[in-house]
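Trainee: Numbering (our numbering), first residue to last: 1 to 593.
Just so you know, the hints here were simulated from the structure itself, not pulled from any lab data. Just so we're clear, the structure is a prediction, and the values are computed from it rather than from any experiment. Be aware that a few hints might be false.
Stated by the list, open to error - In silico DSS-like links for lysine-lysine, alpha-carbon gap of 27 Å or less:
1) K302 <-> K125
2) K530 <-> K581
3) K192 <-> K167
4) K256 <-> K212
5) K167 <-> K142
6) K202 <-> K192
7) K276 <-> K322
8) K498 <-> K412
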Amino acid sequence: MPKQLMSGNEAIAYGAYLAGVRVAAAYPGTPSTEILENLARYPGVYAEWAPNEKVAADVAAGAAYAGRRALAAMKHVGLNVAAETLFYTSYTGIEAGLVLVTCDDPGMHSSQNEQDNRHYARFAKVPMLEPADSEEAKQFTKLAFAISERFDTPVLVRSTTRISHSKSPVEREDPPAPAPTESRPYRRDPAKYVMVPAYARKRHPIIEERLKRLAEYFEELEINRIEMGDPELGIIAAGVACQYAREVFPEASFLKLGTTWPLPEEKIRRFAAAVKRVLVVEELDPFLEEQVRLLGIECRGKSVFPAVGELSPGLVRECARKAGLLPPGAGGQEPASSPAPAVQLPPRPPMLCPGCGHRPVFYALRLYNVLVFGDIGCYGLGVNPPLNGYHTSGCMGASIGVAHGADHAGVKERRAAIIGDSTFFHAGIPPLIDVLYNRGTTTVIVLDNRTTAMTGHQDHPGTGRTLLRQETVAVAVEDLARAVGFRKVDVVDPFDFKTLRQLIREHVDSHEPSVLVARHPCVLLTREYKPAYRVDPERCNDCGVCRKLGCAPLIKVNGKMAIDPLLCVGCGFCAQVCGRKAIVPAGEGGDSQ
1 MPKQLMSGNE AIAYGAYLAG VRVAAAYPGT PSTEILENLA RYPGVYAEWA PNEKVAADVA
61 AGAAYAGRRA LAAMKHVGLN VAAETLFYTS YTGIEAGLVL VTCDDPGMHS SQNEQDNRHY
121 ARFAKVPMLE PADSEEAKQF TKLAFAISER FDTPVLVRST TRISHSKSPV EREDPPAPAP
181 TESRPYRRDP AKYVMVPAYA RKRHPIIEER LKRLAEYFEE LEINRIEMGD PELGIIAAGV
241 ACQYAREVFP EASFLKLGTT WPLPEEKIRR FAAAVKRVLV VEELDPFLEE QVRLLGIECR
301 GKSVFPAVGE LSPGLVRECA RKAGLLPPGA GGQEPASSPA PAVQLPPRPP MLCPGCGHRP
361 VFYALRLYNV LVFGDIGCYG LGVNPPLNGY HTSGCMGASI GVAHGADHAG VKERRAAIIG
421 DSTFFHAGIP PLIDVLYNRG TTTVIVLDNR TTAMTGHQDH PGTGRTLLRQ ETVAVAVEDL
481 ARAVGFRKVD VVDPFDFKTL RQLIREHVDS HEPSVLVARH PCVLLTREYK PAYRVDPERC
541 NDCGVCRKLG CAPLIKVNGK MAIDPLLCVG CGFCAQVCGR KAIVPAGEGG DSQ
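Can you make the complete structure from the sequences, with help from the hints?
Mentor: What follows is the structure, encoded as structure tokens:
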């Protein structure tokens, strides 16, 4: 069979397609986003962006209950949202295969924490598979569906950023047979699928017995394999950490685990008995190390390697040298962290894009010294100077609830909760209703840029398009807010700065629950560019007001304010805040810069 380079995410989608998945759902989140984008392209697969990960998992569970193989994908923190579904489906089991893919983010490349989702497999008593490259990502996804149906359980497939986004060869296979077109009767089995206490109590022993049978099955599974080399050192590893360890210890013996829960205990004992020393190489928590120790096996792990951040071959080698596992200077001199780029780019603090509609909102909030409870999205860049417009940020949808809590704690400052449009649909609606129901006075500002911007411009319930590019209902935030009972609701284009300022002041001073929708499409989505602006040196007195906007095109040239025409998209916001009218469209008044 021919081979093709695929990322881990592409390979997971391909494996799901080959396995005959019929329904897939996700909420976009790096590093998992591309799984659904690729799966949606395969024939016979229905795929959708769900408002959040729990909804996605519920959709997949419903399809699996109905006898169709189904998949839900999410980043690691998304599994927190979907945990309720994971736990109830662990009890109910399924009719057809149900696979949940969790993509962890060691090193927090685009996340608020480094949680290790291997714990979820043990917690929910479900099996977990961990591929180490793209070919395994394909194969393990196929295998996960088979395990799901054989053992009547949802299966977790765990990837990490380096697996999800790195490319390696994947063997092409014959496409699956076309999906049957006739509908099949829904099997009604309340004792299995209705988890009222009387039924749930009967399911728990079944789950415990299932774990034992899974462990026995994993003992014989080929993806958990012993690769004997030098018996002086035996390494236990899974996922990308196994690849790093192989590179650093090419002569060592390996127990390469493809399943990280439940563990093949007898195989681990057999491996440990065959080597002189056991070393566990794993990213983040000492998950495997602790399980190995519980078997009474002496090993080293986190005493050698860090429990924080992402591993790399260089870091594994450096730690091994310090621990005396490698002689000084052995095996190359690559740096411990990722290699520096060949070309050093000029340093630039992270900031909102030129032309971003969020900038006027943050600037106005700062003018009124508003205490801002923030949420998860690219608008989090508003925390950076000079805007300094963010005072809390925890997780998706937290901004409104946190603001409401501060409200009832008696905070008297002007305050507002800000949340993006996609995030609003993800987790913002329940706390919004809570504000109203529990007599709060929080102002909620929805930064509506018409897309899920930070993960790559995916659609959501407010955009009027599905993942399959079908036109559909566009849920309007303002209509929803009015429908649940908010009386003070306004919509404004943030680049109408005079109106924006007026409305923000009215809302935060109103002492009543309110919703303000600041709507302007993401500049990176529309790619709309207008003529650049320039600074008129005759009018500019270098007051510094424009520099407080944190807009990259505003620079100093020879000690004078100027606008880089290559970066300016012509939004004109800086011209609105310039009291001396010194910022004008390029070409106006004669010369251009």
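Trainee: Now tell me, hint by hint, if it's right for this structure.
Mentor: We went through each hint and held it up to the structure:
For a cut-off of 27 Å, the pair hint linking K302 to K125 stands: about 25 Å separates their Cα positions. Our distance criterion of 27 Å between C-alpha atoms is met by K530 and K581, whose separation comes to about 19 Å. Proposed proximity of K192 and K167 is contradicted: the alpha carbons are some 41 Å apart, above 27 Å. Straight-line distance between C-alpha atoms of K256 and K212 comes to about 21 Å, which keeps the hinted pair within the 27 Å bound.
Restraint check for K167 and K142: satisfied, since their Cα atoms lie roughly 19 Å apart, inside the 27 Å limit. Annotation: proposed proximity of K202 to K192 holds, straight-line Cα distance about 9 Å (limit 27 Å). For the hint linking K276 to K322, the alpha-carbon distance of about 20 Å falls within 27 Å, and the restraint holds. Restraint check for K498 and K412: satisfied, since their Cα atoms lie roughly 25 Å apart, inside the 27 Å limit.
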